[in-house]
Amino acid sequence: GENVEQHPSTLSVQEGDSAVIKCTYSDSASNYFPWYKQELGKGPQLIIDIRSNVGEKKDQRIAVTLNKTAKHFSLHITETQPEDSAVYFCAASMGNFNKFYFGSGTKLNVKP
Amino acid sequence: GAVVSQHPSRVICKSGTSVKIECRSLDFQATTMFWYRQFPKQSLMLMATSNEGSKATYEQGVEKDKFLINHASLTLSTLTVTSAHPEDSSFYICSARGTVNSPLHFGNGTRLTVT
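Residue numbers (our numbering), protein chains in the order written: chain A, 1 to 112; chain B, 1001 to 1115.
I should point out that these hints are in silico values taken from the structure, not numbers from a laboratory.
All C-beta atoms in this analysis are idealised placements derived from N, C-alpha and C, irrespective of residue type, glycine included.
One or more of the hints may lead you astray.
Said to hold, decoys possible - Calculated lysine to any residue pairs in the SDA-like style (CA-CA distance at most 20 Å, straight line):
hint, chain 1, residue 1, chain 2, residue 2
1, A, K99, B, Y1058
2, A, K99, B, G1061
3, A, K107, B, F1039
4, A, K99, B, K1064
5, A, K99, B, L1046
6, A, K37, B, P1040
7, A, K99, B, T1115
8, A, K37, A, H72
9, A, K99, B, V1062
10, A, K42, B, F1091
11, A, K22, A, N67
12, B, K1020, B, T1078
13, A, K99, A, E2
14, A, K22, B, K1041
15, A, K99, B, R1037
16, B, K1041, A, D84
17, B, K1041, A, V87
18, B, K1041, A, H72
As the list claims (entries may be wrong) - Pulled from the structure, derived: some chain B residues nowhere near chain A, Cβ distances all over 12 Å:
hint, residue
19, V1019
20, N1051
21, E1063
22, S1073
Construct the complete structure from the given sequences, taking the supplied hints into account.
What follows is the structure in structure tokens.
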């Protein structure tokens, strides 16, 4: 089955700096890659997603890039703010989205 | 849009009793719902997938008689933890998607503590 690896496990940045989280996947059939933000005691919230027919997608301060050849995708957060502090999960899915494979998560700490 | 509501948010029960957790899609019809379990500082572990009107598909190692899942309508799925034990204490999260190829949305989770 699909294997999604995520790095780093923890990331500390200064407010205003950029943060990058990287994920790799193993199955070339995966074609949908969402990113989730999970705050303490809450469920994951979808923040951005990308499909395999697109190389990059941006939404204000967040962007996701996808390299199908290398089978990796990344989350980029610019101008980080303390409220960006949370755990971020990447995921991969294929076909009709009947199964999602999650990375191990990255705890992002934005220091004011 | 795409709101998934999960109740209760926290529940404490005694060992041996059963607990029911509800997951509702508020503004879309959820053809498929997923139930996850999350241990502290760990990723999401898929327990089962349920499609409306059919039996749930459980992941390997998940006891279907212990974790009963019902998806009787397009907006409601329930997870019942039967004869709960302290080792069942965990954070349970449901998620739902509408049509095929639509994104997955999560509820806010249920913190279950079995004493």
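A quick look at each hint next to the structure:
no.: 1; hint: A:K99 <-> B:Y1058; result: holds, 12 Å
no.: 2; hint: A:K99 <-> B:G1061; result: holds, 17 Å
no.: 3; hint: A:K107 <-> B:F1039; result: holds, 15 Å
no.: 4; hint: A:K99 <-> B:K1064; result: holds, 18 Å
no.: 5; hint: A:K99 <-> B:L1046; result: holds, 9 Å
no.: 6; hint: A:K37 <-> B:P1040; result: holds, 16 Å
no.: 7; hint: A:K99 <-> B:T1115; result: violated, 33 Å
no.: 8; hint: A:K37 <-> A:H72; result: holds, 19 Å
no.: 9; hint: A:K99 <-> B:V1062; result: holds, 16 Å
no.: 10; hint: A:K42 <-> B:F1091; result: holds, 9 Å
no.: 11; hint: A:K22 <-> A:N67; result: holds, 11 Å
no.: 12; hint: B:K1020 <-> B:T1078; result: holds, 7 Å
no.: 13; hint: A:K99 <-> A:E2; result: holds, 10 Å
no.: 14; hint: A:K22 <-> B:K1041; result: holds, 18 Å
no.: 15; hint: A:K99 <-> B:R1037; result: holds, 15 Å
no.: 16; hint: B:K1041 <-> A:D84; result: holds, 18 Å
no.: 17; hint: B:K1041 <-> A:V87; result: holds, 9 Å
no.: 18; hint: B:K1041 <-> A:H72; result: violated, 23 Å
no.: 19; hint: V1019; result: holds, 18 Å
no.: 20; hint: N1051; result: violated, 9 Å
no.: 21; hint: E1063; result: holds, 20 Å
no.: 22; hint: S1073; result: holds, 20 Å
The earlier numbered hints that this structure contradicts are 7, 18, 20.
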